[in-house]
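2 protein chains.
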Amino acid sequence: MPVEPTERGNETHRLLGRVGSDMQHEQEVVVLRYGHRPGRDDRMTTHVGLTARALGADRVIVPDNATQSAETVEDITDRFGGPFEIEQSDRQLAIVRHWEGPIVHLTMYGLPVQDTEADIRESLDSGPLLVVVGGKKVPFEIYEQATWNVGVTNQPHSEVAGLAVFLDRLFEGRELDQEWPDADRHVIPKAAGKKVVPADEFESETRRTDTTDDTA
Amino acid sequence: MPVEPTERGNETHRLLGRVGSDMQHEQEVVVLRYGHRPGRDDRMTTHVGLTARALGADRVIVPDNATQSAETVEDITDRFGGPFEIEQSDRQLAIVRHWEGPIVHLTMYGLPVQDTEADIRESLDSGPLLVVVGGKKVPFEIYEQATWNVGVTNQPHSEVAGLAVFLDRLFEGRELDQEWPDADRHVIPKAAGKKVVPADEFESETRRTDTTDDTA
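Those protein sequence lines, which keep their order, are chains E and L. For the record, in the first sequence the residue sitting at position 195 is 195 according to the numbering used here, with numbers rising by one throughout. Quick note, the numbering used here runs 216 ahead of the 1-based positions in the second sequence.
Keep in mind the hints are simulated off the structure, nothing from the lab. Idealized CB from N, CA, C, for every residue including glycine. Among the hints, a few may not be true.
So the derived label-pair ranges between C-beta atoms look like this [as the list claims (entries may be wrong)]:
#1 E:R79 - L:G255: 25 to 33 Å
#2 E:D182 - L:P254: 35 to 43 Å
#3 L:P372 - E:G173: 13 to 21 Å
#4 L:N281 - E:L93: 50 to 58 Å
#5 L:P397 - E:D184: 47 to 55 Å
#6 L:R253 - E:N65: 19 to 27 Å
#7 L:D341 - E:E172: 25 to 33 Å
#8 E:P198 - L:S305: 23 to 31 Å
#9 E:D64 - L:P299: 42 to 50 Å
Where chain L lies over chain E, by a calculated footprint (3+ residues, C-beta under 8 Å) [what the hints assert, rightly or not]:
#10 52-60
#11 149-159
#12 179-190
The shape of chain E in the complex, shown without the other chains (with noise of 0.2 Å):
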């Protein structure tokens, strides 16, 4: 499906090149789920990391203590389909402090999402970008090495929550169109009802008529 032109011009992002537009080149897009405790945070790490893979971003780097949820998220990867990388690593706070572009901790103490957005799609051209999402007990640090601190309202609600209302605007909506070139099976959408179709029977859907199909 084509993808609208739009204010960025040369898109870097690899979203653009999965749907089909030229990428002059690539710029990642890479979350960071900050802490974890075994047990208590599993299910919210996974979420994290199924929610950076669905929702655009290129990379999911989540605490070494977090396997469990690294193994879920390399499944349903080898299930639904990439590019989509997750890397599990001890040293969080070292990889904030060397990355080499800008940083989002996304924070309910942060400036609001709707007023930071603009810039911070303006600078994926400029390096790759690391979103930080934290669990609990972000270091002061954190806030400094951030370029921006974004909260999405400055409500308490769900670090989850957070980062999708966050990639949506950051992609402004071209995520929900990309494609999954190497999965093994296709969720195709219905008005009710659930159809899931084997990859090699994937091309012989027409995704956007089946949707009208109500036969559920």
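Mind docking chain L on chain E? Use the hints.
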């Protein structure tokens, strides 16, 4: 802060009421968390409730067995403000069956949110909107009762992420500017650091000018 005029015309939802425009009448937006496994789902259900509150819904209904989540959402609402209602019910299927207004069921098998959101927004005039957010094992009847089964992508990710993107799109970002008149504290957006003020000091703070304050 004044709200830009929108294509919705005579706004019905209380969001515009909150931020200063004339409110003609009210139609609720209610989130129903379908299914809950105590222990395992506590944080996800809590995050569904907090996301519903932060991103503009009027009310959340969680299962009878999600008392801990309900209490957390209640506590946040007491401190950070409303209006927002939290209810518990063990008759979730009955609520869906007898709902007098449009129903959205968020599911990875549904129609693309980007293709359905305009129609759903228009339906807000016709009655209160129920947004069903499933946990595991949503019965097929929910797919049938829904006016729209809606997918925020057709990828597996997070019901919290899906709800967040859905609400942000439904309200076209206006929920990010909503006010919380009965809060006992307010977070002041900052470029770096954390600033929280008691409600009685909030009036003297100028939110928007403060956002350029770098002295954290």
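Need the list of violated hint numbers for this structure, in ascending order. When the structure is compared with the hints, numbers 4 and 8 turn out to be violated.
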